[in-house]
Amino acid sequence: MNNRVALTGNEAVAQAMKQINPDVVAAYPITPQTEIVQFFSNFVNNGQVDTEFVAVESEHSAMSAAVGAASAGARTMTATSSQGLALMFEVVYIASAMRLPIVFPVANRALSGPINIHCDHSDAMGLTNSGVIQLFSENAQEAYDNMIQAVRIAEHPDVLLPVMVNLDGFITSHALDILEVLDDETVKNFVGIYNPEEFLLDVKNPISMGNLDMYDFYFEHRRQQVAAMEAAKKVIEDVGKEFEKVSGRPYGLIETYKLDDADMAVVLLNSAAGSAKGVVDELRAKGMKVGVLKPRAFRPFPFEEISTALKGVKAVAVLDRAETFSTLGGPMFADVRAALYDLKNDIKVINYVYGLGGRDLRLEDVEQVFNELDEIVKSGKTDKVVNYLGLRE
Amino acid sequence: MRKELEKYFRANRLPHIWCPGCGHGIITGALMRAIDNLKLDKKNICIVSGIGCSSRAPGYLDFYTLHTTHGRGLAFATGIKFAKPDLKVIVVTGDGDCTAIGGNHFIHACRRNIDITTIVFNNNIYGMTSGQYSPMTPKGAYATTAPYGNIDRNFDLCKLADAAGATYVARSTVYHVPQLIKLMEKAIDHKGFSMVEVADICPTYFGRKNKLGSPVKMMEVLRDSAISIKAAEKLSKEELVGKIITGEFHNEIAPEYTEEYEKTIEKAQGGC
Ligand SMILES: Cc1ncc(C[n+]2csc(CCOP(=O)(O)OP(=O)(O)O)c2C)c(N)n1
Ligand code: SF4
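Same order as they appear, the protein sequences are chains L and W. Going by our numbering, 214 is the number at position 214 of the first sequence; the sequence numbering is gapless. Convert by adding 1000 to the 1-based position in the second sequence; the result is the number in our numbering.
Treat the hints with care, since some could be wrong.
[Unchecked claim] Calculated from the model, a selection of chain L residues having no Cβ within reach of chain W, i.e. all distances over 10 Å:
| no. | residue |
| --- | --- |
| 1 | Pro29 |
| 2 | Ile30 |
| 3 | Glu90 |
| 4 | Ser112 |
| 5 | Ile115 |
| 6 | Leu176 |
| 7 | Ile178 |
| 8 | Asn189 |
| 9 | Met209 |
| 10 | Gly210 |
| 11 | Lys241 |
| 12 | Gly248 |
| 13 | Thr256 |
| 14 | Lys311 |
| 15 | Ile347 |
[Unchecked claim] Here are the simulated DSBU-like pairs of lysine-lysine, each with C-alpha atoms no more than 30 Å apart in a straight line:
| no. | chain 1 | residue 1 | chain 2 | residue 2 |
| --- | --- | --- | --- | --- |
| 16 | W | Lys1243 | W | Lys1230 |
| 17 | W | Lys1211 | L | Lys18 |
| 18 | L | Lys258 | L | Lys378 |
| 19 | W | Lys1043 | W | Lys1084 |
| 20 | W | Lys1211 | W | Lys1088 |
| 21 | W | Lys1088 | W | Lys1042 |
| 22 | L | Lys258 | L | Lys204 |
| 23 | W | Lys1139 | L | Lys18 |
| 24 | L | Lys18 | W | Lys1209 |
Source of the hints: derived by calculation from the structure; they are not laboratory data. Every value quoted in this text rests on a predicted model; they were computed, and no experiment measured them. Ideal Cβ placement from N, Cα and C applies to all residues, glycine included.
With the hints as constraints, model all of the structure from the sequences given.
Encoded structure:
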């Protein structure tokens, strides 16, 4: 039933979109995402999907058109990167507040300035507080799988939130990878038919959307979004289990690699997790007890799962491919450290910011991190909490 | 390149990224010749761009330059002009940059008549992101996003600029370089908002998608379809289809925005 193919990350995402066959896709080109919609528009052109494809004049319009289409009751997608996501910012908040299950891949790319087109996570990390669910993908396979699951997560009645599916720009988006694609029928059945409960084109039950909402109800509506995020944790896990049944590939909120008996762990997102797993294998062969934790969901943030997974380790390094300028390290560091706080044990947690603007994360860099963790475990002392990896200083 | 033009380029930034046969270099060269002919001091010129193949031009030019975000060159340039009204501010922009994502900035810069010169590299397509149609892609033309031909109607940018309030409006092509240089000189010399639209070629995307042949062929098309404003007046609407009307469409002196602003400040602070 399964089918092994060689596709780039962008092709894999476009392939998933084809099989999902959304009603509306509105998009604007930007490197390194452009190919996703380019490939997809070929499917539209060839009549392989029933989608209305809307080529708009900016990303602000792309997300606005997506909000319009989703409000009207359509299964809707868009896609972007970097500056495009930054320009969407205003409308992303509206999409989540209006509880519209828009699914949108983001091929992660550094934000300007300086102008740069290569991978880091500053685009996605700029929207961690926007009320969208954020899934991350290690490789083309996960990007493909996440897209398909994202539809079910977004549209779940307990959730109804947009889902951003992240994949590393160029590293994953443009590199050829071997993956298994499901057959069309399986995907079709898995995502099912979208039946929104309330939508604008339901002329028999007219509703109004996007209304003014002052101090009388705004707060309650925000709280409902939080409740939806809380509910999303279970939904992400349930959908992951169901997806395993059709694909054989398990998905949860986090993935752990050789963590059970580990003394030291690194926590990282997206493609870097693949590099770290390779280094872990090498170091394990030398007798070091090391492991990897890869959050798959970053919003909602899997606090319990992360603290449970890390409670046995002695030292952890969180690797962030984005800055916060808080002067206390990257965005994931803050959240992971908070997750571990309640354990009240003496796990040493340090941070490395790496790979900004596409700077390569070399295997030696990951090895260096484990060696430094090893020092910390041996000495019991942490010299520097926030560190920069692969940086010329 | 003539020796005396070398001083306008950042030699260490060359060679440029443009494809063989791209028209962007011709426009950039024409702009440098116009500046040279006007004998302007490099230090009094600031060149601003958005994002796109065309917007890479300032990176190669040895002036005060500012490379900004997609579509926003004019918004940044407005700030520069306000802070330093004595500077000559020139914006270089693509048809996508200027009329799609940045279209709003363009009409309002025209409307205010702020003293900025805008050079539009109109290759009728988004070059940098591989050939999507822009608001300047002719109706019926092909693009990666218009496999059956574009159904959108394209802007006539000169009419748009004129109607929006620009006080100097002209068009030329990358084939008609002497005319282009002259029009650029007049635009830069003009006080108020000036716009020169340049019919440009993108052999890599627009050319290939529309089967226009080699860059030389595309240049020949520009040569053969360009027609002066005077000659165009004598033609019917049908006869004008596919023609590129070139020349000066509008040249008027009207109150300039930063000067009007200064006057208002003086009035508010001085006269009670
Ligand atoms: C906010 C944002 N969206 C999208 C892009 C991607 N992008 C870069 S250049 C470009 C189009 C450029 O076309 P045009 O202005 O016509 O210039 P050309 O490349 O043809 O010279 C696009 C869509 C971007 N840089 N920023
Ligand atoms: S893609 Fe087109 S516009 Fe860009 S450099 Fe090549 S020919 Fe010029």
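For each hint, the structure was consulted:
1. Pro29: violated, 4 Å
2. Ile30: For L/Ile30, whose nearest Cβ neighbour in chain W is about 7 Å away, the distance does not exceed 10 Å, so it is violated.
3. Glu90: Correct as stated: the minimum Cβ-Cβ distance to chain W is 15 Å, above 10 Å.
4. Ser112: violated, 6 Å
5. Ile115: Nearest chain W Cβ is 6 Å from L/Ile115, so the label is violated.
6. Leu176: holds, 19 Å
7. Ile178: holds, 26 Å
8. Asn189: Holds: least Cβ distance 31 Å, greater than 10 Å.
9. Met209: At roughly 25 Å from the nearest Cβ of chain W, L/Met209 sits farther out than 10 Å, so the non-interface label holds.
10. Gly210: holds, 22 Å
11. Lys241: Its Cβ never comes within 10 Å of chain W, the nearest being 39 Å, so this holds.
12. Gly248: Correct as stated: the minimum Cβ-Cβ distance to chain W is 36 Å, above 10 Å.
13. Thr256: Consistent with the label, L/Thr256 stays out of reach of chain W, its closest Cβ about 39 Å off (over 10 Å).
14. Lys311: holds, 45 Å
15. Ile347: Given a closest Cβ separation of 42 Å, the condition holds.
16. W/Lys1243 with W/Lys1230: holds, 13 Å
17. W/Lys1211 with L/Lys18: The hint holds at about 29 Å.
18. L/Lys258 with L/Lys378: holds, 21 Å
19. W/Lys1043 with W/Lys1084: holds, 12 Å
20. W/Lys1211 with W/Lys1088: It is violated: about 40 Å lies between the C-alpha atoms, which goes past 30 Å.
21. W/Lys1088 with W/Lys1042: Status holds; Cα separation ~10 Å.
22. L/Lys258 with L/Lys204: Violated, at roughly 56 Å.
23. W/Lys1139 with L/Lys18: Holds. W/Lys1139 to L/Lys18 sits at ~28 Å (cutoff 30 Å).
24. L/Lys18 with W/Lys1209: Holds. L/Lys18 to W/Lys1209 sits at ~24 Å (cutoff 30 Å).
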